[in-house]
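Undergrad: These are the residues of each chain, in order.
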Amino acid sequence: MEFKDYYKIMGVEEKATADEIKKAYKKLARRYHPDVSKEANAEQHFKDLGEAYEVLKDPQRRAEYDQLRNMGTRGKGGQFRPPPGWESATHFYDGSGDGTGEFSDFFEAIFGRNGGFHRSYGQQQGMRMRGEDVHADLALLLEEACLGSEQMLDIRVPVAEANGLISHSSKKLKLKIPPGTADNSILRLKGQGAPGLGGEAAGDVLVRIRIAPHPLYTVEGKHISLVVPILPHEAALGAQITVPTLQGQTRVKIPAGSQSGQKLRLAGKGMPGSEPGDFFVALKLVMPDKISDTDKAHYEALQKDNTSNPRSHWGKGQ
Amino acid sequence: MSRHAILDDNNPVYSFVELVECSRLDEGFVIQCVEYGIAEVRGTDRQNWQFRAEAMLKLQKAWRLHRDLDVHVSSLVLVLDLIDEVEALREECDLLRQRLQHWEA
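Just so you know, the sequences run in chain order A and B.
Quick note on this note's numbering: the first sequence kicks off at 1 and runs consecutively.
Quick note on this note's numbering: the second sequence kicks off at 1001 and runs consecutively.
Just chain A, same shape as in the assembly (with noise of 0.2 Å):
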């Protein structure tokens, strides 16, 4: 297994002193923490950091760990092992039962399970307790959240063991994503989590939805906007254009004289619900790619007859 060295991942010298260490905790919590950081691989930074403080705040767990790190046998690219018959003399565990005590195979291998920082609030005789919510983020395209879909979601859920030891075992749900969910809503699967204790009701899974970025449109709570291209005779003279909605195909009529940026509403044609979103046509007046003599002559006559002026509010001159 891989060795962690507790000293260089909290950026402490080997000699630290006990507030040394403590403040550089503090410094690299705040930085790594997963409610507020938004560095690569925060919470796994964040767990590591944890875990190393919990050694090295303890004298004697240091203490222990010191003499590991000296003494533990170290293979080709750093593996470690510790020595034959090694076993701590720390017993403790941490109590708080809310999901903090889930640490590497390289602390077990030194601490222990049994002594370690595994929950073991089941291991009490007769107990009854519901069990964990599991929470999970589910990333959606846009279609299947408007649409409603089917997912499979994969959790990680704690159970408890015979001894009161809590494991982690893989499970995986299939999800029904009603139409019209919207993004950050959160979906309760009720009783999907860890199970309970002393016949307690199961935990719930709570699922917050998150939809990716789509390449044609961009969402706003309910509302749907896209960009549509148009050609300078139809915002000129008026056209109806067909433009593609996440309900299929829909007939829209461009008013003559109409703007670039200029939005039209298309009512109720956003996200589906009880009260239905919108769907907003941007409209971007675009340049053919090419213009053939004809265009060109046309151009020429409007530029003869013109008499208006775009930039008119910037005075005289322009």
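Since the hints were derived computationally from the structure, they do not count as laboratory data.
Hints may be right or wrong, so weigh each one.
[Stated by the list, open to error] Derived DSS-like pairs: lysine-lysine, alpha-carbon spacing no greater than 30 Å straight-line: (1) A:Lys284 <-> A:Lys222; (2) B:Lys1061 <-> A:Lys222; (3) A:Lys284 <-> A:Lys253; (4) A:Lys22 <-> B:Lys1058; (5) A:Lys23 <-> B:Lys1058; (6) B:Lys1061 <-> A:Lys316; (7) A:Lys38 <-> A:Lys27; (8) B:Lys1061 <-> A:Lys26; (9) A:Lys47 <-> A:Lys172.
These numbers were taken from a predicted model, which means no experiment stands behind them.
Using the hints, position chain B against chain A.
TA: Below, chain B without anything else, positioned relative to chain A:
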């Protein structure tokens, strides 16, 4: 092996007792957070309190910040408001960037 999950609802609501049971948060901490306005709650007294799932997740986040970063409950309102504001600005920035990409495409 996959199992077919039954979608309970997409706007779950919790009473105070349910919230404490499901979130595994300390009752006193939840009450303090409600008093400081950290979590939105409907209902006038504790027996009638109703929390949305978002409020429960926010309370759990508040607890993690309190526990891991020593943020005092009285400061959590400010910290969480600032986190929400940064998050909202990031999302707005992403949306504007996406619109610009569509416009320039």
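Undergrad: Indicate, hint by hint, whether the structure satisfies it.
TA: Hint check results:
1. A:Lys284 <-> A:Lys222: holds, 23 Å
2. B:Lys1061 <-> A:Lys222: Answer holds: lysine 1061 (chain B) to lysine 222 (chain A) is near 27 Å, not above 30 Å.
3. A:Lys284 <-> A:Lys253: Holds, at roughly 15 Å.
4. A:Lys22 <-> B:Lys1058: holds, 27 Å
5. A:Lys23 <-> B:Lys1058: Judged against 30 Å, a Cα distance of about 27 Å means the pair holds.
6. B:Lys1061 <-> A:Lys316: Roughly 59 Å separates the two Cα atoms, so the pair is violated.
7. A:Lys38 <-> A:Lys27: holds, 15 Å
8. B:Lys1061 <-> A:Lys26: holds, 17 Å
9. A:Lys47 <-> A:Lys172: Holds, because 25 Å separates the two Cα atoms, which is no more than 30 Å.
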